[in-house]
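The chain contents come next:
2 protein chains.
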Amino acid sequence: MSEAAERSENIPAGKGKEGIPNGGNPEKSKEDFDLASIYVSDAQYNRNIYFDTSPEAVRLYLRYNHWLAKVLLYFFILVDLSLALFEEPAVLPLPIWATMLVELLCLLVFTIRLAHYAKVIPRDKFWKDPKNICIIVILLLTLVDMIIYGALKATNCYGVRWSRVLRPLLLVNVTEGRQLRRAFRSIRNALPQIFYVFLLFMFSLLMFSLMALKLLGKRGLKTIDGAPYFTNYLEIVFDLYVLVTTANSPDVMMPAYNSSFVFAIFFILYILINTYIFMSVFLAVVYNNYKKYLKEEVRQLVRAKRHKMARAFAVLQEHREEGGQPVVSQANWNQMVRLVQPDISNAHRELLWSVADDKNQGYIGKVAFVQLVDLLNIEVITLKSRPHPLQSACPALYLSAPSPFILRTFNLKWAFVIVYDLIILVNAVFIGLDEENPMVSNSEWVFLALYLLEILLKLYVFEPKAFFSRHSFWNWFDTIIVVSALIATIINSAMKSTGGYTSRQILDIVFILRVLRLIRVVDSIKRFRAIINTLIRIGPAILTFGQLIIVVYYIFAMVGMELFKGKVKFFEEDSTDPDKAFCGNTDLKGTAFAQLNYCKNNFNNVVSSFILLVELTVVNQCSGFVAVTHVSARIFFILFHIMVVIIIINIFVAFVLEAFFVEYSVDKSDLQTSLERKIEELELAVEQYLEDNLVNAMETIDNDQGAGQPVDNRPALMFKIASKRYRTVDALLQRMFEADLDPEDFAENDDPDGNFANPTFSSA
Amino acid sequence: MSEAAERSENIPAGKGKEGIPNGGNPEKSKEDFDLASIYVSDAQYNRNIYFDTSPEAVRLYLRYNHWLAKVLLYFFILVDLSLALFEEPAVLPLPIWATMLVELLCLLVFTIRLAHYAKVIPRDKFWKDPKNICIIVILLLTLVDMIIYGALKATNCYGVRWSRVLRPLLLVNVTEGRQLRRAFRSIRNALPQIFYVFLLFMFSLLMFSLMALKLLGKRGLKTIDGAPYFTNYLEIVFDLYVLVTTANSPDVMMPAYNSSFVFAIFFILYILINTYIFMSVFLAVVYNNYKKYLKEEVRQLVRAKRHKMARAFAVLQEHREEGGQPVVSQANWNQMVRLVQPDISNAHRELLWSVADDKNQGYIGKVAFVQLVDLLNIEVITLKSRPHPLQSACPALYLSAPSPFILRTFNLKWAFVIVYDLIILVNAVFIGLDEENPMVSNSEWVFLALYLLEILLKLYVFEPKAFFSRHSFWNWFDTIIVVSALIATIINSAMKSTGGYTSRQILDIVFILRVLRLIRVVDSIKRFRAIINTLIRIGPAILTFGQLIIVVYYIFAMVGMELFKGKVKFFEEDSTDPDKAFCGNTDLKGTAFAQLNYCKNNFNNVVSSFILLVELTVVNQCSGFVAVTHVSARIFFILFHIMVVIIIINIFVAFVLEAFFVEYSVDKSDLQTSLERKIEELELAVEQYLEDNLVNAMETIDNDQGAGQPVDNRPALMFKIASKRYRTVDALLQRMFEADLDPEDFAENDDPDGNFANPTFSSA
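As they're listed, the protein sequences go chains E and R.
FYI, in UniProt numbering the residues of the first sequence are 1 to 764.
FYI, in UniProt numbering the residues of the second sequence are 1 to 764.
Honestly, I wouldn't trust all of these hints.
Identical copies go unnamed one by one, so any copy, or any two together, can satisfy a pair.
Said to hold, decoys possible - Taking lysine-lysine and the DSS-like style, the derived pairs with C-alpha atoms no more than 30 angstroms apart in a straight line are:
hint : residue 1 : residue 2
1    : K565      : K222
2    : K153      : K567
3    : K222      : K580
4    : K526      : K292
5    : K70       : K30
6    : K222      : K567
7    : K119      : K589
8    : K565      : K580
9    : K218      : K580
10   : K496      : K214
11   : K569      : K218
These are calculated hints, taken from the structure and not from any lab test.
Next comes chain E alone, as it looks inside the complex (with noise of 0.2 angstroms):
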């Protein structure tokens, strides 16, 4: 969408920044900080915004990254997308004039945004961005189709809201959608190879339906349905690519194939050459091409996060001796610090620094403040050695004589976590029983008492804000299932102890629930973990994939509900009407679609839309609707194929199949980067105390303090590299590539374009 501004930020141009002083070393304003933290925080999230530096400038600029305004932008995106559901034809009909409020109300703050965003960067730098351009042209458009359809509506004449499908447009265009942006860029860089090897798909297929007319139209075949077979070479031709998708298989051969054995050879061609060797091309090709353009795209982030640094550096930097390197002081730096990160404990901060000043000078130069920004992304736990609460609040239970045994018994890790696998085991077969049964139903309370002891159990034994800290996954999941059950079966069993009434709702949970809770036992087999870990690992970016998703999925629906919508109606259950038989449409009478009563797979609202589309991802059945409109209809479940399974799904894979392979290779290779490597040089990460899960807990407890018990010699201090979660996508996308990153070449200063010449450095 915006490519050539997206590049552009990436290289901030060397000006702006006469009114820094660098003669000296002067005390450094706090707008000389506001501006430093705000390039590094820009690194920190790559954001590569390029702000105007004068004071009043950076301030609206901080303003701007507020995360209240972003979470009020996408609030509003998301209000601005819902209308839909409530716009003709609507799944809760709302008056015209209310919907077209709640959107003037939107497109007022799109605006507000957008000024204040022209406002942070310099004039021309504004309209030169194609999604700014894109912005304003969504909201004169959409602005101009309100103004009409209104005026039509007002007129009682026919009217088409078309600018609704510009409205998902706003989530690529917005700053804050640079994932999906970039998700959007290497498809189009992936379009003009897949564009061949579609057109040579195309041209196998064209083929294949001409020997197909040839070889079976004159024969004479009926379809199932009793029509000619295979007489029309425009059928033919959906037909068969409809079999590429598998939706029609064996359905289509069907005919062929009872009339002679020898033509099944002929489809099955068809399958391994266009269904099996054109699909594997088609990912090889999309996936070939999504790496080639990702690495870059992330080599130029590196390049661009590391100058901002420099920027960064270049404001705070000042002069110990005369003609020596510049440097940063550690007050400086703990003050810029503080401003980009102002949760980060005393203590964190000072092990950063620890790590980047390792020779103790009080000072750090630009090498090891360029780093700050990859220190910063590594998310530390901070441990402070204390007694247990319970130690402190109520010492004679804790020292009492009962509790060295639990701790003794609890620390039989694999019993303990063998009871507990053969305790979901046996729940898990209560489960299936029929609760209806009164054993079964008491047994749930005896379950719930056991989840409740297992959790109590770990409290007692684990500091409670080590057990709860922030990447502990399963401990939260545990304890969120368990306790929402809780609270689920009280409420569930107060109300048919006293009404004798079950809300099918609060039941539905409960299950859920209870299954959920099942989950837990994958954890405690490691080659599993391995697996989940992945997984949980790549949901963000899979979140990206959503967000492209829903952006197609949204355009495909607001077109197909303008081109389907009330063709196929849906009757409940106990509807009696005779027209329930065919969909309320006669053109369905008598076909696969009403008899396999697929009438509720309609458009006729944007949730079915929705479903019916996920559907059509999975299998491409549109026979229905090629009954119910016209032929041509046709071209829109093509169109969706081609965009949705064949680049979208595919990218998808490849994003997977990259993701496990980069998980594959780190398990072999280092996994930590050099950066970690240092902290654990220096032996600042001081114990392995809190890993993700209770399980490897429990080992190095073993290991290093017998029963468990604090010890006395325990360093104050503990810090634990979360070594293995990102922050953000980015991130993850960057270890995906760091093989060809050298993380000490910062390239600042010998770029031979020169983008990254700062004018503080020449004046040095």
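Got chain E; can you put chain R on it based on the hints?
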């Protein structure tokens, strides 16, 4: 199947060679040349057979490797496999004694072949090789089964020919089945990892099924057939498993979706996790393992190849000067190459020698000798620049006035190509029209004449030998298609004009040939050519997958025929049997299977079994067979899906992906191997005269030869490296991992295991 043996074959022990004289420079005996040429040809075709080096064993080994012996072996394997066509349930029933007799003959042939092999290799090696044991066990079991079956049939009892499932295993275990064994090994190596992902996938499936049971089982929903919906746990597990194959989408979801929108979320989540994410993870795991193990195997292959060359060198070596390095003289070299490749031209052999002996010393050292195998594997086209045959036969015509004119017009390459592309397009339209129209049917003669003219013109301009060289795929393709079409059309019109009767078969062939002729158009578009060439290049490797698929299909077909034969009957189109409506089985009354007329999808003979298995590979539709037998029949279909779709198809996709990546990276990097470069450096690859396709050839003619006529100062010999084609699949595989293999590292001396120690060397 026989990994240990395969591996041990790679490491021939260094003994049993005491008979070879190596003191001084004695005349080499015929046995020496036989032995050396066997080593070289084993290295060339990557045969890893540890044969005895006694002269008698060498002679036997030569006979063992004779092409006729191999063809006969494969012929009898084919006969053995195709016995299934004639055995109960048969396509063409033959009496039991006839099939039994043929099978006994096959068994005899296999036994003779095995006995031959036992004579070639040392006794202890023979019994240590699992693949020999496998063949013996298969032969014995088959014999036992035949006796039991014969006895049972003689007493009119029911018997099962269970040994038929063993037949395809012969294909895997014969010495020539190296590629297939490697494919099976690669699958077996990937199994542990696939297994863990599969367990996790099954866990997810079981959890979703449990949730579905709890959420939907009690709502009293009905399927489209009126059966209770989602009330039986195992049924749910199976339905959801089939949903992963997309076969029952969206049917399985419709009852729940009809009752409430909310349940669609459940199914969408299920499809996202199990269909998209897990299937991608399967691909990732299979791909990753495939790459890893294949790399290792190819590395071992290269080591073994180099070692064999070193042994051949040891046999032929002599000492030019006292204490100097051993060398091989040109005379010995020539004699050996003639033995290895009897059809090699003198010019080609001299070219190879001049590449190996780049200092023109008359002898070559070990390093150059070891490269010989790579030199031999590079296909070189030798062309003598001689006058056009027409020029010699009929100079008056060839050098007449219109001749230069024709050559000149013909050299307007682009015009010629465009004209013929247009002709093809027009032809495509005419093919699409109704051929009953006399204008259309007569136009066929015009097109045939045009195509013939094109071929004749090309033959006129190029030397016929160059035009029909082995690598001119499209020239061959064109000529064969056009000539066959001409013959078929003539036969067709002859039959029409004489008897007025047109044979349907001949007409079909004519149609197929006409359509195939159009394929030529893709060759004139450069982008397409690249893709097509890659596809052609991976063709041979796809044959290995073809064998793999046939082995698996055959086993499943045999089992399926025993389980399901005769359960579903097919009635001809014109049959009036009332049973036709339910495929002759009352259990199928009213099922979708019978309604959709799937009756011919049955296991009633081996041909329809194979076709059905292809359909099951595409979409797993098995409800019919479950209906006619038992619910447990589903196990058969699930096993088939796991084996074929999850494992083999994924390996196929992995292979296509890898092949395309190699093509993409090779296109960008240096295309030629170090050896090919060497040939070019020596300016022995005199002219790039003949390209794989006409377009390029004409290009070169344009540049070099003016009007395309032979120029006198052309060198007498011209070589062209057909570097892009590989004689063996191994060569393609080696190219795939070429980047990791150093062409200059022979590793035969510094091997830590001492596997490559060579006694002739140590005596030097």
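We went through each hint and held it up to the structure:
1. K565 with K222: between (32 angstroms within a copy, 27 angstroms between copies)
2. K153 with K567: This pair counts as within: shortest intra-copy Cα distance 22 angstroms, inter-copy 63 angstroms.
3. K222 with K580: both (28 angstroms within a copy, 16 angstroms between copies)
4. K526 with K292: between (34 angstroms within a copy, 22 angstroms between copies)
5. K70 with K30: within (25 angstroms within a copy, 86 angstroms between copies)
6. K222 with K567: Cα proximity of K222 and K567: in one copy and across copies (28 angstroms, 25 angstroms).
7. K119 with K589: neither (61 angstroms within a copy, 74 angstroms between copies)
8. K565 with K580: within (17 angstroms within a copy, 40 angstroms between copies)
9. K218 with K580: between (38 angstroms within a copy, 25 angstroms between copies)
10. K496 with K214: Answer is between: at 18 angstroms across copies they meet the 30 angstroms cutoff, but 70 angstroms inside does not.
11. K569 with K218: between (38 angstroms within a copy, 27 angstroms between copies)
Violated hints amount to a single one, hint 7; each of the other numbered hints is respected by the structure.
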